[in-house]
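Input sequences plus hints: build the corresponding full structure.
Protein chains in written order, with the numbering used here: chain A, 1 to 307; chain B, 1 to 149.
The hints are simulated quantities; they were obtained by calculation from the structure and are not laboratory data.
All of these numbers come straight from a predicted model, not from anything done at the bench.
There's no promise every hint is true.
In silico DSS-like cross-links for lysine-lysine, where the CA-CA straight-line distance does not exceed 25 Å [said to hold, decoys possible]:
1) A:K230 / B:K105
2) B:K134 / A:K54
3) B:K15 / B:K2
4) B:K105 / B:K15
5) B:K15 / A:K159
6) A:K237 / A:K159
7) B:K15 / A:K230
Listed next, with one range per pair, are the computed distances between beta-carbon atoms [unchecked claim]:
8) B:D109 / A:D231: 19 to 25 Å
9) A:A49 / B:R87: 38 to 44 Å
10) B:R82 / A:G304: 46 to 52 Å
11) B:Q27 / A:R300: 46 to 52 Å
12) B:Q77 / A:S52: 37 to 43 Å
13) A:F179 / B:R87: 48 to 54 Å
14) A:G55 / B:Q27: 34 to 40 Å
15) A:K54 / B:R48: 19 to 25 Å
Covered stretches of chain B (in silico footprint by chain A; criterion: 3 or more residues with CB under 8 Å from a CB of chain A, positions within the stretch not fixed) [unchecked claim]:
16) 81-94
17) 100-114
18) 127-134
C-beta: ideal position from N, C-alpha, C; glycine also.
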Amino acid sequence: MRRPIAALVTLALVGALVGVAGTVGVTTFLNRSDAAPAVTVQRAHKGAAAPSFKGRITFLVVGSDSGAPKFGRGGAAERGRADSLHLVVLDTSKRQGVVVGFPRDSYVPVPGYGRNKINAAMAFGGPSLLIRTFEQLTGINIDYFALTSFDGLTDLVNKIGGVRVNVDMNIRDRVAGAFMNKGPQRLSGARALAYSRARKTLPGGDIARSRHQGQILVGGLATYQAQVAKDPARVMKWLAIMNDEVQTNLPIREQINLALFARTVPPSRLNNVVVPNTTGTAGRASIVRLLPGAYSLFARVRAGQSA
Amino acid sequence: MKAAAQGPERGFNPKTAARRATPGVEQFLSRYLTVAFLDPGQQRTGWRDLLALFDTPVQQAARRDLDALCLGTAATQVKTVRPGPARASVIFLYQGGRAVGATIKLAFDGSADVGQGTGPVRLRSVFQLLWTTKGWRIASYQSQTGASP
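What follows is the structure, encoded as structure tokens:
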């Protein structure tokens, strides 16, 4: 029997292609012998002290192409390729934040593996190598790591009642199963996943997809805040929802603090951007090269700006 | 007090869970209302006993917000407070078979004897509680005293 799990931790941001996640989720330790946890939330660095929750907190939110049996994608999510990658920086003191999306083919230095596609880092060395890759690339310290899969995103979004997103283009993408018209709408789990996956038919391809994944994250946060503003008791409801979906080793105090923290940054003050880039090739592989503007963006985020 | 509980989908009985956790929170709220409103002398201690009911990270903020959490600066003029009705609704969060968090909506009304007459006492609060090694503590609050806006 697998060890119980459940935590409550982040709820707020959920999203992405494979995408996704939750910045605030919840977990408990229950005896669950069946399905694997759909979402994992943990501290980025083992043994690190919990952040103060009074300033800035950074999440690396990752969607894996594995760990989704409902979609016929086996294996462990944490050993798959990280196909949806977002840095989420929330600053409670300034009540602002930024969601920075990274195309999965971003060609960057991976510690110990030379230059490689960023989405391979997790497959090479698990979440810890992916975290190191991001920290080395951006110079930004990461506090929390959230990992999900197709299953995790759809389950989580369904349980919170869907996420409200302003779909920014008409989409007809058979591969992703995304058929939606432009405009604000509430997306169910399946449609949120489809919106997060659609790429081939979109102008901008992977860049647009990364932006859409960021929208799902921001939409998750907006949904959480709207529900809690209407009824403060929804904090506990969300934490309980996460209970069955999120695996975490965070103490309950930290989980609740995260849930309370997630109320503090208005979604309208969350800047959703994709790291400046251009496409290219390395050998025979299609890759994405980060432009100098990417490093300027990292510097601004390090300096406390919302990009 | 109305109580409900949220917990894991399986093997969890919300009614039983709420019933089990209710006495502890009732005791906590009773303590809160006593030190916040029924004992004006608390003001002389800097509301020490009241602040002790808040989780350490929010004590500083609570100290700044005393006027919205208790008699506050008005306590110097208050001789006694006659308690009126107090109503509370609570949602518990269960993990690992015990209540670990709770959201409480609290309403309290009373009247204060201020020497030359009486005045209304009113509290409307939402507390997010956290179970700690010291018992329930307030981890977050929205609170208002005085007349309704």
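We went through each hint and held it up to the structure:
Of the pairs offered as hints, the one joining K230 of chain A and K105 of chain B holds, with about 13 Å between alpha carbons and a cut-off of 25 Å not exceeded. For the hint linking K134 of chain B to K54 of chain A, the alpha-carbon distance of about 23 Å falls within 25 Å, and the restraint holds. Only pairs whose Cα atoms come within 25 Å are accepted, and K15 of chain B paired with K2 of chain B is accepted, the gap being roughly 11 Å. Our distance criterion of 25 Å between C-alpha atoms is met by K105 of chain B and K15 of chain B, whose separation comes to about 19 Å.
Among the hinted pairs, K15 of chain B with K159 of chain A is consistent with the structure: their alpha-carbon atoms are about 21 Å apart, no more than 25 Å. Straight-line distance between C-alpha atoms of K237 of chain A and K159 of chain A comes to about 10 Å, which keeps the hinted pair within the 25 Å bound. At most 25 Å may separate the alpha-carbon atoms for a hinted pair to count; K15 of chain B and K230 of chain A meet this at roughly 24 Å. Checked against the hint of 19 to 25 Å, the pair D109 of chain B and D231 of chain A passes, with Cβ atoms roughly 22 Å apart.
Our hint of 38 to 44 Å for A49 of chain A and R87 of chain B holds, since their Cβ atoms are close to 40 Å apart. The hinted range of 46 to 52 Å is satisfied by R82 of chain B and G304 of chain A, whose Cβ atoms lie roughly 51 Å apart. A hinted range of 46 to 52 Å holds for the C-beta pair Q27 of chain B and R300 of chain A, which are about 50 Å apart. About 38 Å separates the C-beta atoms of Q77 of chain B and S52 of chain A, a value consistent with the hinted range of 37 to 43 Å.
Checked against the hint of 48 to 54 Å, the C-beta distance between F179 of chain A and R87 of chain B comes to roughly 49 Å, which is consistent with it. Distance hint check for G55 of chain A and Q27 of chain B: the Cβ-Cβ separation is about 35 Å, which falls inside the suggested range of 34 to 40 Å. Between K54 of chain A and R48 of chain B the Cβ separation comes to about 23 Å, which falls inside the hinted range of 19 to 25 Å. Given a C-beta distance limit of less than 8 Å, the hint that chain A covers the stretch 81-94 of chain B holds, as 5 residues qualify and 3 suffice.
Look at the stretch 100-114 of chain B against chain A: 5 of its residues bring a Cβ nearer than 8 Å to a Cβ of that chain, three or more, so the hint holds. Restraint check on the stretch 127-134 of chain B versus chain A: 4 residues with Cβ-Cβ distances below 8 Å, three needed, restraint holds.
Consistency note: the structure conflicts with none of the earlier hints.
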